[in-house]
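Chemist: Since the structure of chain A is already known, use the hints to place chain B on it.
Residue numbers (this note's numbering), protein chains in the order written: chain A, 1 to 309; chain B, 310 to 770.
Any given hint could turn out to be false.
To be verified - Covered stretches of chain A (chain B as the covering partner; in silico rule of three or more C-beta atoms under 8 Å from a C-beta of chain B):
1. 12–18
2. 63–70
3. 112–126
4. 138–148
5. 154–167
6. 180–191
Read the hints as simulated data drawn from the structure, not as lab findings. Idealized CB from N, CA, C, for every residue including glycine.
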Amino acid sequence: MPDAKRRILDRVRRALAGRWPVEAPADPWRPAVEAADAVERFLAHAEAGGVEARRFESPDAARAWLESWAAAFKSAATSPRVPAPLAPPLPAAPPEEAELGVSRALAAVADTGSVLLSSAEGRRLQLLPPVHLVWVDEAEVVQHLGEALGRLADDPPSALALHSGPSKSADIGQIMVQGVHGPGRLVVAVVRGLAELEARPAEEAKTDRGPSSPTPDALDWEAVRALAGRALATKRGDAFTVEKVTENTAVVRVGSSGKAYTLRRRCLEKAARLAAAGTPIPGPVAYRKLACNEAPAYAWAVLRALGRV
Amino acid sequence: MAVKGYKAAARRALERQPEVREAVTRATLHFDQNRERAYGEVEVEAWRDWAAATKRHTLSRLDGYLLEAERQLTARGAEVHWAENAEDAQRILQELVERYGVKRVVKGKSMLSEELGVNGRLERLGVEVFETDLGEYIIQLAGEPPSHIVGPAIHKGLEEIRALFHEKLGTPPDASPEELAAAARRVLREAFLTAEMGVSGANFVVAETGTVVLVENEGNIRLTTSAPRVHVALVGIEKLLPRAADLEVFLQLLARAATGQKVGTFVSLINGPRRPDEPDGPEHLHVVFVDNGRTSVLADREMHEALSCIRCGACLNACPVYRQTGGHAYGQVYSGPIGIVLTPGLKDPALAEDLGYACSLCTACADVCPVRIPLPKQILAWRVRSAKRAPAAERLAFEGYAEVMTRPRFYRLSSKLLRLTAPLTGAPWLPVLGAWAAGHGALEPSPKSFREIWEEEFEGA
Chain A
1 MPDAKRRILD RVRRALAGRW PVEAPADPWR PAVEAADAVE RFLAHAEAGG VEARRFESPD
61 AARAWLESWA AAFKSAATSP RVPAPLAPPL PAAPPEEAEL GVSRALAAVA DTGSVLLSSA
121 EGRRLQLLPP VHLVWVDEAE VVQHLGEALG RLADDPPSAL ALHSGPSKSA DIGQIMVQGV
181 HGPGRLVVAV VRGLAELEAR PAEEAKTDRG PSSPTPDALD WEAVRALAGR ALATKRGDAF
241 TVEKVTENTA VVRVGSSGKA YTLRRRCLEK AARLAAAGTP IPGPVAYRKL ACNEAPAYAW
301 AVLRALGRV
Chain B
310 MAVKGYKAAA RRALERQPEV REAVTRATLH FDQNRERAYG EVEVEAWRDW AAATKRHTLS
370 RLDGYLLEAE RQLTARGAEV HWAENAEDAQ RILQELVERY GVKRVVKGKS MLSEELGVNG
430 RLERLGVEVF ETDLGEYIIQ LAGEPPSHIV GPAIHKGLEE IRALFHEKLG TPPDASPEEL
490 AAAARRVLRE AFLTAEMGVS GANFVVAETG TVVLVENEGN IRLTTSAPRV HVALVGIEKL
550 LPRAADLEVF LQLLARAATG QKVGTFVSLI NGPRRPDEPD GPEHLHVVFV DNGRTSVLAD
610 REMHEALSCI RCGACLNACP VYRQTGGHAY GQVYSGPIGI VLTPGLKDPA LAEDLGYACS
670 LCTACADVCP VRIPLPKQIL AWRVRSAKRA PAAERLAFEG YAEVMTRPRF YRLSSKLLRL
730 TAPLTGAPWL PVLGAWAAGH GALEPSPKSF REIWEEEFEG A
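For reference, chain A alone in the conformation it holds in the complex (with noise of 0.2 Å):
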């Protein structure tokens, strides 16, 4: 209906005629931080909302907790995004069957107690299962929802969203209640060192439960310190230049906005090594999928003129 459109936007602009138009505020107001402690507020929150929230030094000592927990359940809906040492070792079932469904997240929140999850992924193994796993990497446990939500912006999923408890409803009778429609159970395991296990193919996922070790061939960091200054292009021929690569970043710069993002390390290199071993990356779509959610049509166009995918 154009002449809907037409109609409502004409009123719009009539009624603001004549009015000044409001600038928008400075930045808003945040809660007061230190650095170190994004893991323990984010730990404290969640379980203030009724998470079960656990930590572990690594995915060894996270791998032989699973071994155990997930004895409890019959079957699993598993995404593929979740590396195959942390899939728990049970048959796997449909979302709408399994009593457990296990997410790998994208980001965890401190402020608000938060995991954020891809649609990517799949949404149903999110919400039908009676219990839900989230495993999140320690390095991805971010202090504000802003720095969560700037994904938005940056090539996202259909669909992001924010878990932060189990299913809950107070309508009868002011009584809570919990597993309404989503999970009753919201287990949230935060591990160090998990963005450094590969994650499975798709394909893999529902046979392979070992280990997948692609051959290791580590990308040259003195190769990428080559490329600062340079400008570059993304698959859609977006203008960008290499601002400055660190340690263990680099820093991208968007000629059209303006705008920065940081590629890190060890999502390039794990990116590096999947095509190493013959994973095809042929775009930012699989990037993101197999490597990191993290600009990857910046971060594609790097390894592209590395000649590394």
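Modeler: Chain B in isolation, oriented as in the chain A frame:
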């Protein structure tokens, strides 16, 4: 034409359904205490200032932000529709139902869909409609409209819900809340997995990214927007926010104001239909931008700030009038202070003649509103407008009253007169005073006025 609905409905509710007052007072006090604690944990005044300014900014450039959101949504594969009124919105839904061969619809809680009368239209088309929010499901079973923006069934106590579920779903007459919720879950889980279309509202839409944002605690909205093949989001045009970064404060402020949580348990951030490399999700996303009176409110210089409302319900919970009667007495989709201000603007200014007086002007609502809507000032402005349309006798009476109160000599004379006529003030047959007398006892003036005592005791000494 004056509408006299609220007073009569309030009287009926208080006299015949004392259990409603009890349930509503308990629930709203609980919400309000949680809000107060949650506000105290952050620099809430700074956030309220910021959120109010951001909303005012967005509304001042609403045309641009709507077009930007449409561009972003379309670029990601969503289809955007525009509805001027309820009939438009219903027709758009009907076309989508026909296009996709829809037999079953699951719905996420949406006040806008109540406003648009969506369920009736879908049912007339032969579509089975399931409200999936537990509170909405309860009142759908009972055949009632919601009575609160956030807790649609807060007017119902456990006993009443037990009896309802026993009758409709066959649960035991003494079922626990857990058993009742499980019974609803069984019915609705089946609906989620078989419905062809999910219909939701939206808490926010981010212009910069075209993201539809939905906040909830049960997970039913995530399922509504994830499981069926088609997702339709009904969005009031005032729901826009400029940037994704703005959500940091709005998501937290909404949750703290509504229920005292840090953030809603589930927040959906929807950017488009399912992508080819994703395992599930709806194949089609339709976003309907709805006016339905909002541009009239925007054009109203005294009322436009009410479009900043984020539907947290904090003003209902704080309102001493709402706490007594609950939402149904207002007879409108939006109740409480925000309902008094929005309803006449969205529907018909004449409604203010009735609704404008469901308020004691205590200003508690202004103290809690997360986006600083000047609700008491606006309610007073509606009253001023109604007064201008009042019958001549009433207008004359109040003009005379103003004359007397602003002139010391008249005032002194009138207080003497009042002492003589006091026994009459309780008489309901007196013109104009009748309405006042119906709710008050007769006056008992002291033998001497304060001025007289002051003059005798102190000034003369």
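Chemist: Next, verify each hint and record whether it holds.
Modeler: Structure-based check of all given hints:
Using a Cβ-Cβ cut-off of 8 Å, 5 residues of the stretch 12–18 of chain A lie near chain B, which meets the minimum of three, so the contact claim holds. Check on the stretch 63–70 of chain A: 0 of its residues sit with their Cβ under 8 Å from a Cβ of chain B, so the three-residue criterion for coverage is violated. Here's how the stretch 112–126 of chain A fares: 10 of its residues keep a CB closer than 8 Å to some CB of chain B, so the rule of at least three is met and the hint holds. A stretch counts as covered by a chain when three or more of its residues have a beta carbon under 8 Å from one of that chain; for the stretch 138–148 of chain A and chain B the count is 3, and the coverage holds.
With 12 residues bearing a CB less than 8 Å from a CB of chain B, the stretch 154–167 of chain A meets the requirement of three and the coverage assertion stands. Coverage of the stretch 180–191 of chain A by chain B holds [criterion: at least 3 residues with CB-CB distance below 8 Å; count 4].
In the structure shown, a violation is registered for the earlier hint numbered 2 alone.
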